[in-house]
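Listed in order, the protein sequences are those of chains A and B.
1 is the number of the first residue of the first sequence in the working numbering; add one for each residue after it.
1 is the number of the first residue of the second sequence in the working numbering; add one for each residue after it.
Read the hints as simulated data drawn from the structure, not as lab findings.
Note that the structure is a prediction, hence the values are computed from the model and not measured.
Keep in mind that a hint or two might mislead.
Any copy will do: because identical chains look the same in the list, a pair fits if it lies in one copy or spans two.
[Stated by the list, open to error] Quick list of in silico lysine-lysine cross-link-like pairs, DSSO-like style, CA-CA up to 27 Å:
hint: 1; residue 1: 398; residue 2: 236
hint: 2; residue 1: 32; residue 2: 17
hint: 3; residue 1: 32; residue 2: 398
hint: 4; residue 1: 267; residue 2: 326
hint: 5; residue 1: 366; residue 2: 198
hint: 6; residue 1: 8; residue 2: 230
hint: 7; residue 1: 366; residue 2: 32
hint: 8; residue 1: 184; residue 2: 267
hint: 9; residue 1: 326; residue 2: 343
hint: 10; residue 1: 398; residue 2: 307
hint: 11; residue 1: 230; residue 2: 307
hint: 12; residue 1: 294; residue 2: 398
hint: 13; residue 1: 143; residue 2: 198
hint: 14; residue 1: 294; residue 2: 197
hint: 15; residue 1: 326; residue 2: 259
hint: 16; residue 1: 326; residue 2: 32
hint: 17; residue 1: 32; residue 2: 236
hint: 18; residue 1: 267; residue 2: 8
hint: 19; residue 1: 343; residue 2: 17
hint: 20; residue 1: 343; residue 2: 8
hint: 21; residue 1: 8; residue 2: 307
hint: 22; residue 1: 357; residue 2: 307
hint: 23; residue 1: 8; residue 2: 366
hint: 24; residue 1: 398; residue 2: 343
hint: 25; residue 1: 357; residue 2: 343
hint: 26; residue 1: 398; residue 2: 259
hint: 27; residue 1: 343; residue 2: 197
hint: 28; residue 1: 307; residue 2: 366
hint: 29; residue 1: 357; residue 2: 32
As a plain string of letters, each chain reads:
Protein chains: 2
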Amino acid sequence: MLSLEDLKALAHPADTKIVLFVLDGLGGLTRKGESQTELEAARTPNLDRLAGEGNLGLADPVAPGITPGSGPGHLGLFGYDPLQYRIGRGVLEAVGIDLEMTERDLAARGNFCSVDAHGLSTDRRAGRIPTEVCAQLTLLLEKIGIPGLEVIVRPVREHRFVVLFRGDGLEEGLSETDPQETGKPPLPVRAEVFAAKKAAGVANQFVSEARRVLSSEHPANMVLLRGFSKYPSLPKLTEIYGLRAAVIAVYPMYRGLAKLVGMQAVKTGDTVAEEITALESVYGRFDFFFVHVKKTDSAGEDGNFEKKVAVIEEADAQIPRLMSLKPDVLVVTGDHSTPAPFKAHSWHPVPVLLWSKWCRPDAAAKFSERECRFGGIGHIRAAELMPLIMAHAERLAKFGA
Amino acid sequence: MLSLEDLKALAHPADTKIVLFVLDGLGGLTRKGESQTELEAARTPNLDRLAGEGNLGLADPVAPGITPGSGPGHLGLFGYDPLQYRIGRGVLEAVGIDLEMTERDLAARGNFCSVDAHGLSTDRRAGRIPTEVCAQLTLLLEKIGIPGLEVIVRPVREHRFVVLFRGDGLEEGLSETDPQETGKPPLPVRAEVFAAKKAAGVANQFVSEARRVLSSEHPANMVLLRGFSKYPSLPKLTEIYGLRAAVIAVYPMYRGLAKLVGMQAVKTGDTVAEEITALESVYGRFDFFFVHVKKTDSAGEDGNFEKKVAVIEEADAQIPRLMSLKPDVLVVTGDHSTPAPFKAHSWHPVPVLLWSKWCRPDAAAKFSERECRFGGIGHIRAAELMPLIMAHAERLAKFGA
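Looking at chain A on its own, in the form it has when it is part of the complex (with noise of 0.2 Å):
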């Protein structure tokens, strides 16, 4: 594979647009006894005759049988292997509620638990608290002072948090305080690499000052803190290709990843429909658009074949709007497959279909995964297939002379 910097010498600009249709957890499953998967079942006319003139392939997310989490599905979308490109759990959580982070921060997931008098954990989740409370417990967590740094504290849902620290010299590579089982202790923070030492200290502090600050609560009373991580410092997919690029997303997790690589949040509606409407208004100011359909994977996760269907038919009613806004390429995948008898993420390849004047017809009746192991594209990473759009978008010199 061309590395990012290789890419970045062949992009070139062109006056042409490019729509990433993602379907979250696309990739489905037949159920036992029938034949069809839930994007087989789905009635799409309108995907299938794109299929017919456009290209065809499946995609593995990360790697044959690796299950991708949202982080690592998006990122190879955006033609960064995740292999290389990984993005901290503390950071996911904070791009997940919208929280801007800057370079000076070392950002950890948090849980609300519950200790008895000994210190010891007895419940690692506090009783799945009220999103609420979770709030109220913040402000006061936020109020833990420590010299040199500031920190910020929001609630997500439920028990959990995520906590900012936003100072000089925090480096990631600590261990986990989590304990796993109840009956022991958190454990204290552990610097694994010398930088972070600095580090280790501060959150060993905030979460003794954590206890002090909860010990009167109920069940509420201690912290747990894991996934530390700084704001990773990829590079823009915007400067890679010469891109304005859009994110359209109804959910913030998502719309956060898309600003990692450098692209613009778009307010939208809740519905597909409404995405589209989103994406029509500000059509002329960008080159290329990531619409996010997150209800596919929901449904998958349900383990609801039939409302998984309803959303990729209620997404197929959607691309005569979508094509008629002239799209130059126009990709329709997943970030993975969420096949609903699965009910969970799973490693299955994702269908992809590439559309562009400029494709060697596959001739496809139908997107469905059975054609999409018959298509040009063939069987690639994601991350492949970043530079296969820009050269559809005739984004791309040359190799070489």
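Got chain A sorted already, so can you dock chain B onto it with the hints?
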């Protein structure tokens, strides 16, 4: 992928013959409203019969989405990862005019240009002077004496020439002098790496002498240099596989590329039939034959769909003569795609046909991009083809015990 050293360790001699028949720019596209590529539209009964007996596949010359120049395209076919082995433009120009290089040479591509009395560029191509004028002027340049080294200057075409600086300690890593726009003076050559300091001095001295010796010429009164590059020290194909290898190509560029990897050039006439006659004449003296047909690419570049179809049919008509030599392995493919509708090199994967008695037959009906999607070779990188060829020629030992 195995390294060339790994492959060398596996290679063993055999009494088998291999023909690599390259139709330059073979991969194509359908025209708007039509359903067949150039290869699909061509009547190729002989290739179709071989497709039935052998294996088909698709090859990406460099990586998905990457459009290769002729250098990387052929290096891939010869089994070299084009990302690892790179050939500079100066060397490619030298190779393209059959100019022999040594390992002490630093090559550069030159343009004659025009400058005004202040030394500012007024025409970066000196009005595209005729090749004969270029030839006269290179004689003047060749008289430039630089102590301790030899300067070799040869015309290419119109305003373009090649210069070789032959001497010790001339390393690559130099910036180019082309200011890229008129109204600016040619740039001085800068050493981008420490080892290139001597070479930078030499290049600057040459440019300043060139200005002097050309001062009374018009319009070509100055030179621009770029693509400074050393002769690449590639491990030789012939040594890796223990082969005697020959190149049969009408254009010097392709002979030159083949000579870089150890092949010997064989004299040939201009038509495909004459190239096969050349093949017949040396068939006993070599094990590996690279036969290059240029006109598929030229027709593609010209956007001449029918002409490209005709050249493919011309090549097909020579297959019976080629097969009557009884090669053990025959491969028919391209170094990249040059779809007539695209009128340029492109990134589209290249159809591959590999025929040997050891093929597990695909039983394909036709040699076409479509059938190649379903072939037993699958969708590979071009550089992976060479081990496959050697295997079918029974020239690779078992890997591991």
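Checked hints:
no. : hint        : result
1   : 398 <-> 236 : both (22 Å within a copy, 26 Å between copies)
2   : 32 <-> 17   : between (41 Å within a copy, 20 Å between copies)
3   : 32 <-> 398  : between (48 Å within a copy, 24 Å between copies)
4   : 267 <-> 326 : within (22 Å within a copy, 52 Å between copies)
5   : 366 <-> 198 : neither (57 Å within a copy, 62 Å between copies)
6   : 8 <-> 230   : both (25 Å within a copy, 24 Å between copies)
7   : 366 <-> 32  : both (22 Å within a copy, 21 Å between copies)
8   : 184 <-> 267 : neither (46 Å within a copy, 46 Å between copies)
9   : 326 <-> 343 : between (36 Å within a copy, 23 Å between copies)
10  : 398 <-> 307 : between (45 Å within a copy, 24 Å between copies)
11  : 230 <-> 307 : neither (38 Å within a copy, 59 Å between copies)
12  : 294 <-> 398 : between (37 Å within a copy, 19 Å between copies)
13  : 143 <-> 198 : within (20 Å within a copy, 63 Å between copies)
14  : 294 <-> 197 : neither (39 Å within a copy, 57 Å between copies)
15  : 326 <-> 259 : within (25 Å within a copy, 48 Å between copies)
16  : 326 <-> 32  : between (40 Å within a copy, 17 Å between copies)
17  : 32 <-> 236  : neither (43 Å within a copy, 36 Å between copies)
18  : 267 <-> 8   : neither (29 Å within a copy, 42 Å between copies)
19  : 343 <-> 17  : between (35 Å within a copy, 22 Å between copies)
20  : 343 <-> 8   : between (39 Å within a copy, 24 Å between copies)
21  : 8 <-> 307   : neither (41 Å within a copy, 36 Å between copies)
22  : 357 <-> 307 : between (33 Å within a copy, 23 Å between copies)
23  : 8 <-> 366   : neither (35 Å within a copy, 39 Å between copies)
24  : 398 <-> 343 : between (44 Å within a copy, 14 Å between copies)
25  : 357 <-> 343 : between (37 Å within a copy, 14 Å between copies)
26  : 398 <-> 259 : between (29 Å within a copy, 23 Å between copies)
27  : 343 <-> 197 : neither (41 Å within a copy, 60 Å between copies)
28  : 307 <-> 366 : within (20 Å within a copy, 34 Å between copies)
29  : 357 <-> 32  : between (39 Å within a copy, 9 Å between copies)
Comparing the model with each numbered hint stated earlier shows that hints 5, 8, 11, 14, 17, 18, 21, 23 and 27 do not hold.
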